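J.: Build the full structure now, drawing on both the sequences and the hints.
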Amino acid sequence: MDSLSYLLQGFETAFTGWNLLYCLIGVSIGMFIGVLPGLGPVAGTALLLPITYGMDPISAIIMLSGIFYGSMYGGAITSILINTPGEAASVVTCIDGHQLAKQGRAGVALGVAAIGSFIGGIVAVLCLTFIGPPLANYALKFGPPEFFSIMMLGLLMLIALMGKSLVRGLIAAVFGLILSLIGMDPISGQIRFTFGQMELLDGLDFVIIAMGLFGLSEIFTNAENQMEIEKPEEIQGLLPRMDEWGPTLKSIGRGTGIGMVLGLIPGANAVIASLLSYSLEKKISNNPSRFGKGAIEGVAGPETANNAHSGAALIPLFTLGIPSSPTVAVILGAFIMHGLTPGPGLFTNNPDFVWGVIASMFIGNVILLILNMPLAGMWAKVAMIPYKLLFPLVLIVILIGTYSINNSLWDVVMTVIFGVIGYIMKKLDIPIAATVLAFVLGGQIESSLLQSLATSENGAMIFFTRPISGTIMGICFIILILSINSVIRNKRSMLSSDVEI
Amino acid sequence: MKKMNAGVWAGIVVFLIAAVFLVQSFQFSYKSELGPGPGFSPVWLSGILVVLSILYFLESVSGKNAGSGEEWPKGQALKNILFILACLAVFLILVSFTGFVVSGSIFLFLLLFKAYKWYTSLLISIGVSIILFWLFDGVLGVSLPVNGLGF
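Heads up: the protein sequence lines correspond to chains F and X, in order. So for the first sequence, the working numbering puts the first residue at 4; every next one is plus one. So for the second sequence, the working numbering puts the first residue at 5; every next one is plus one.
There may be inaccurate statements among the hints.
Part of the chain X face toward chain F, derived, beta carbon under 10 Å [as the list claims (entries may be wrong)]:
#1 GLY11
#2 SER50
#3 THR102
#4 TYR120
Stretch by stretch, here's where chain F covers chain X in the computed footprint (C-beta under 8 Å, at least three residues) [to be verified]:
#5 14-25
#6 28-38
#7 51-57
#8 75-85
#9 104-113
#10 135-147
Derived from the structure by calculation, the hints contain no laboratory data. Only a predicted model underlies this, so the values are computations on that prediction, with no experimental measurement involved. Even for Gly, the Cβ is constructed at its ideal location relative to N, Cα and C.
T.: Here you go:
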């Protein structure tokens, strides 16, 4: 097996002292962010992005992806122990998890969440190991039209799945695309939309957008209300009863499946995965009335699903260069920052990098299992860190982080401005994630569009006459029509609004 | 509908922004020798944004699919947000003159002052600023703004 020998080499890279340390740091920060209410994976990864400037690309991505999947573990702990989700994907875990804790079975809930997360995470990484290379190989045949249509699909999926209004979703995406045009056009050298500002010549930095729209806006939102945190429940015993193992493992299996499939679809985020898993568990249960009163399946399914999702979400990133969720978009930003081109060429051009990162994810999941099972009580104490102490510290790290991009205060001012814009967008229910995703992809979307049109003999028809891009474009149109339909029938209220923050 | 909702205003603002960008877009050449030029995407995108802003305006006026239902901040909540913004402004103004450690300490002290006793806040603020300065300026090699005395 080709993948296996590469993977072994990857383990060699990942097991070197520094990389192991960065993996540990990454997953610990991830746990920390996951546990803390009011600080989610997107803000967390964006916050640490500037710190990775000086780091080796492998170490940087090992650490950032560690934060990403680590936070999915952490979120469950606060949901179960203090009935406050540490991040959005663990909202449903509160329902049954906290009930279990009230019945004195907090340990069992935590144990099941950790085991489920571990299984979901590992299966997803295995999938990346074995599906990734052939998929990337296949995608090597793609030309600009195919990439353009895939990116369109990703953006449309995100818009279709988010928020109540299709129009607002589209505004968010187009806004992001326009922001990405600012600066000197790499093809023609034309300077666009800088309004005479020298600082804008190189365009807006991704860190500014991510930190402002995601990080700062979150702090403004939290400033509105005082956060009261309950006292955590006691933890005793970590494993379920003998007769509970069967149903638990079945839920974990189903959760893994749901998470994996949704992770592959651009735009479907971890919150949707955990919600879907919860409703499936409830639907197929013999006795649905147990749900909401401490059903162990209600913890096992969703917690597995969100972890399987976060692993699987890296598959489109590594093979196609398409981020499927806001956090993955931040990681994509880090790729570009470190001079790596995400996409099908990654497996062949940078095998050391890819396999090192994949191997680190196996290691990271094992570390997380250890961090979660015996040490859960310690993490619950972390959640007790008062927010009034935390937010000034987060703010000053944002200030330093944005300053460090170019050593300029101008960037800091821009971040504050985007923080205010992000806050207003949240209030207006305009999905921020769509803006950030569009901004990250903007440059590639434009260049693939222009390249396609330049080679095309009959204009925009090139996107429809080539079989692969034609099929994807067809799917795009179906999604668009379905979303317009959902607007007309007024059925969008059930969709999640801005999530995974 | 009681008053003009926020969406109506947002629609107008988005429209104005889109219009400014659209007007600018026409300055770039729409075509190049190879096909579409640097003006191609700007014209289309800002044009689409103009259309979307009008749809947004109409959607908000009709009150259908209205906002997130989230309240705009009032009273204490609004004060909290404005206070954070004011602190950020103070930091940005001071930092060029006083250097990071002093302005950072002042920034943190202002934010912590209400929550803790003044000496606790002062200690945390100065401690954190010095640690961060050491971490970023010393270890990570990010040169932070300094004052005449070098910190």
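J.: Hint by hint, note whether the structure agrees.
T.: Outcome of the hint check:
{"no.": "1", "hint": "GLY11", "in the structure": "holds (6 Å)"}
{"no.": "2", "hint": "SER50", "in the structure": "holds (6 Å)"}
{"no.": "3", "hint": "THR102", "in the structure": "violated (13 Å)"}
{"no.": "4", "hint": "TYR120", "in the structure": "holds (8 Å)"}
{"no.": "5", "hint": "14-25", "in the structure": "holds (count 3)"}
{"no.": "6", "hint": "28-38", "in the structure": "holds (count 5)"}
{"no.": "7", "hint": "51-57", "in the structure": "holds (count 4)"}
{"no.": "8", "hint": "75-85", "in the structure": "holds (count 5)"}
{"no.": "9", "hint": "104-113", "in the structure": "holds (count 4)"}
{"no.": "10", "hint": "135-147", "in the structure": "holds (count 6)"}
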